[in-house]
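Trainee: Here the protein sequences line up with chains Z, H and R, keeping their order.
Under our numbering, think of the first position of the first sequence as 1, with each following residue one higher.
Under our numbering, think of the first position of the second sequence as 126, with each following residue one higher.
Under our numbering, think of the first position of the third sequence as 251, with each following residue one higher.
Be aware that a few hints might be false.
[As the list claims (entries may be wrong)] One side of the interface only, derived from the structure: several residues of chain Z facing chain R at Cβ under 10 Å: (1) I7; (2) R54; (3) Q65; (4) Y72; (5) F79; (6) A81; (7) W86; (8) G101; (9) V115; (10) A116; (11) N120; (12) T124.
To be clear, the hints were calculated from the coordinates, so they are not data collected in a lab.
Ideal Cβ placement from N, Cα and C applies to all residues, glycine included.
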Amino acid sequence: MNSQSAITPPPAPSYRRHGNLLVLSGQVGVDESWCPVTDTFHAEARAAFGNVRRVLAEAGAEPHQILKVTAYQSDLEHFAAYNEVWTEEFPDLRPARTTIGAQLFPPFRVELDVVAWLDNPGATT
Amino acid sequence: MNSQSAITPPPAPSYRRHGNLLVLSGQVGVDESWCPVTDTFHAEARAAFGNVRRVLAEAGAEPHQILKVTAYQSDLEHFAAYNEVWTEEFPDLRPARTTIGAQLFPPFRVELDVVAWLDNPGATT
Amino acid sequence: MNSQSAITPPPAPSYRRHGNLLVLSGQVGVDESWCPVTDTFHAEARAAFGNVRRVLAEAGAEPHQILKVTAYQSDLEHFAAYNEVWTEEFPDLRPARTTIGAQLFPPFRVELDVVAWLDNPGATT
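Whole structure, please, built from the sequences with the hints as guidance.
Mentor: What follows is the structure, encoded as structure tokens:
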């Protein structure tokens, strides 16, 4: 059970696209009600990647179409745990990536920036 | 009146483009003489977004063609003020975005990274 | 002579591409055996840019095709040294750039994020 209060969603869409390029807003570990899922780092990272997959699906892309993941982490001590979740998420073709330490909004310890490609140069949104 | 001394412009162009992709150098709150505009966070953020709009115009793009804004802030305590300026800048179609805390060059408190699309795949510059 | 122990390569490819877009994983100052080259900041930055050039060459691109360099630095006190290496690397056409302070994995003081374009929309990898 998740007992944390919901955060306010940022005043921005979860993605924008043009041509074959898809860029996502930074994704954190929240559930579908925007309540933080931060009991463990593993749970938080899985929730953040789950939100990445959900936004990709909305935009018409799949995880193998992710070109790059930039992970901002509040403390690099979670790096080994992050790699465990990373290899779960990408068992085969993996994105390029960068991982750096930065200040995040509490209670979050990881935020994911994603750039992906789209199959069809559909409508710009 | 702005009483701060001019900073040295970085040894980089304000943008590069290829095909329909436009990427900007990080934009901060300086006036046309590269003097910091940092009396208040609101003024600084408005100046930084003003520089984004100016560079976009030079490159032949408009604000609705911004796909992503990554905002680096020296302290996330300015987040509410940032959101006020954000909604002024983007009353309608908004970019995807990520906002994180990072170390910036004093006296700046916010720096904006922008990716946008261009109408015409013009000359690569 | 480089006396530092090798680091573990991250579980990610050094680049991904789609169409004319090339994105690199964050590059740091390591030699071909993944041993840190960090005796001086200059040496480290040159090694990091050397790795950028090596990955670009693998992907079929040249330095003038770099659109953007985002440099994460553990302390902005090295900014002057970074600019010296930057102007060595890009004597003519320079990329757009952003430079911010962030937490990096010791012993590294600089990490480079690169976006470039490719001549031919070859195979997606």
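Trainee: Please name the hints from earlier in the document that this structure breaks, with their numbers sorted from lowest to highest.
Mentor: 1, 2, 6, 11, 12
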